[in-house]
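Protein chains in written order, with our numbering: chain A, 156 to 413; chain B, 15 to 335.
Quick caveat, the hints were computed from the structure, so don't treat them as lab data. Hints may be right or wrong, so weigh each one.
As the list claims (entries may be wrong) - Here are the in silico distance ranges between beta carbons for each label pair: (1) B:Lys298 / A:Leu347: 43 to 53 Å; (2) A:Asn408 / B:Arg188: 57 to 67 Å; (3) B:Ser203 / A:Glu206: 21 to 31 Å; (4) A:Glu206 / B:Glu205: 29 to 39 Å; (5) A:Thr185 / B:Glu73: 46 to 56 Å; (6) A:Tyr344 / B:Gly183: 51 to 61 Å.
Heads up, the beta-carbon is just placed ideally off N, CA and C, and yes, glycines get one too.
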Amino acid sequence: MKIGVLVKQVPGSEASLRIQPDQSWIDESTLEFEMNESDSYALEEALQICEKTGEGEVVAISMGPAVRTTKVLREALAKGAHRAIHIVEEMPYEIDPMLVGQIIKNAIAEEQFDLLLSGLQSNDLSQGQTGLLVGEMLGMNTATLIMETEIQDGSIRVKRELEGQWFQWITIPLPAVLTIQSGINQPRYPSLKGIMGAKKKEIKAVSKEDLLEDHSRLQSFGNIYIQKKDKRTEMIEGGSAEIVERLVEVFRNEIKVL
Amino acid sequence: MDILVFLEEQQGKIHRMSREAVVAAQQFAQDHGLKVSALILGDSDNVLSAEAADFGVDECIIAAHPLLDTYSADGFTTAFAQIIQTENPRYIFMGHSYMVRDFIPRVSARLHCPFIGDVIGVTDQDGSPAFIKQVFNAKMVTDVHPVENGPVLVSFQAATYPAEKLVSGSPARREVPINLAESDVRATSEEPFQEASGGVDLTAADLIISIGRGIGKQENIPVAEALAKKLNAELASSRPLVDAGWMPPQRQVGSSGQSVSPKLYFALGISGAIQHVIGMKGSKNVVAINKDPDAPIFEIADYGIVGDILELMPLLTEAIP
Ligand SMILES: Cc1cc2nc3c(=O)[nH]c(=O)nc-3n(C[C@H](O)[C@H](O)[C@H](O)COP(=O)(O)OP(=O)(O)OC[C@H]3O[C@@H](n4cnc5c(N)ncnc54)[C@H](O)[C@@H]3O)c2cc1C
Ligand SMILES: Nc1ncnc2c1ncn2[C@@H]1O[C@H](COP(=O)(O)O)[C@@H](O)[C@H]1O
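Please construct the entire structure, taking both the sequences and the accompanying hints into account.
See the structure below:
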């Protein structure tokens, strides 16, 4: 089983984000980047499928700028991916999902993966479509919001999350693309041995420009800005003791739950 | 065709998010002098078309086909793409539901037309509409502009438009043929099911204390439990705590968890992502503590505290009589 995993680097969930003065993007200069949350579940699932079937290869693929992309790909290799493909891109980043999909498709077409896993959505752009675009472009079968997988002969049986706490199993023939929902497994931490071993594994670098066949964008972003709030919130301020005192008063006299 | 709205089925009815999309289309059509068509896929038993018979749209298109009576990504992608090719709508509106997430990106790739997903509003700049989309974990937004003049697929985030504002009318009914073969549908689907609830019913709770990733580590959960006990409240959580195995799935609030409407929803270390908010925005009072003053949860909170829950929880537990 040859499995590709799409992993994106996104600002850490604790990062405090500032918009650049020209409003074209956020200020990335002081940001730490990490592997997108659902992608780390996708990587773990790929590793487990490989371990279960006892054979195969996991290839991590990421498009982004040099330093942070290498960091995320090294992490994937340290966890057990066999090799990696780095699609090198510099600012301004491609935001049109169709072009992102096309670039990734061209980067991996010759790999002929049996299975391609992606996250459900990226936490920065949240397009929720990149993996499926690649799948459709490559003529693969697709399934989304996956919470469990079962490899069968020539096909894969997957548990899809539906709305309102419903689930459904479907079976699709391979090759297939799955978009993975968080919570499907418990992602591992890299071992010391893994971290050492990762240094020897291959990261193949390819340039984004060489993979772009059609430069016309179907959608573009305007400025990045913060939306005005319309709700009036009473902010309770002061030292801890004052805050607690006011909260008890609110519970007792205003919300009346004490 | 101007605007085509996709009416999706959910448990035998038109999905609430599809009704919201109809409202979006009605308002957009009014602002721009456009016509609205609605689309139903499948519906051999006419249940959805009967429900849509009083929607205030110009026409209701029904694409009935036995292979569309149950959803499959393959079948719906093929049918939807055929309809867009023959009808050539400028805008296709829908709710950002799980079904839409599952197959619309494939329609987009197949027809090479843009999909702008999960939008929270429409803006107009010099007569050319753009769609407002949240980026960077909903901390900011941007206006997304479709570049060319072909069809644009747009899905709206839940609760962007109120379904109750749907204007009624009497649409014309039109049936259209779909060319679909058994071999086009490659997936085999089993019956949908629900997992056991474990006897927890948060929907009936009056007081809910809900913890998020801000709790930091599993060892801190008893601190929240102690507060819940003192307040006589149920303990709930956001999804990441369930994903990590720290909280049971039955205690998750949100679009993939329970929907609750207590008298008090006390959110501790929860950022306020839309998938969480969907499940608790019906609460009578929301009190939130978060160390980040820009956390989106404060946008829907009645009372907000910028502070550290690990410090405040024990103090509050002590202060409550
Ligand atoms: C299809 C889909 C379905 C989903 N369904 C659900 C769902 O049903 N329910 C759900 O909850 N999510 C759901 N999610 C996930 C959702 O998008 C968010 O990722 C999730 O709600 C974030 O949880 P959180 O607020 O606990 O964590 P985070 O977003 O990481 O926020 C943690 C917050 O804690 C604050 N914090 C940290 N430390 C402290 C401290 N010491 N004191 C005070 N504050 C602190 C931080 O400032 C931050 O705001 C779904 C996502 C998808 C894509
Ligand atoms: N630049 C990228 N590099 C690698 N994978 C990506 C990239 N962008 C998106 N993906 C993958 O596609 C998924 C969905 O992203 P999106 O469509 O942006 O929400 C992510 O979770 C990743 O798995």
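Here is how each hint holds up against the structure:
| no. | hint | result |
| --- | --- | --- |
| 1 | B:Lys298 / A:Leu347: 43 to 53 Å | 52 Å, holds |
| 2 | A:Asn408 / B:Arg188: 57 to 67 Å | 59 Å, holds |
| 3 | B:Ser203 / A:Glu206: 21 to 31 Å | 28 Å, holds |
| 4 | A:Glu206 / B:Glu205: 29 to 39 Å | 30 Å, holds |
| 5 | A:Thr185 / B:Glu73: 46 to 56 Å | 54 Å, holds |
| 6 | A:Tyr344 / B:Gly183: 51 to 61 Å | 58 Å, holds |
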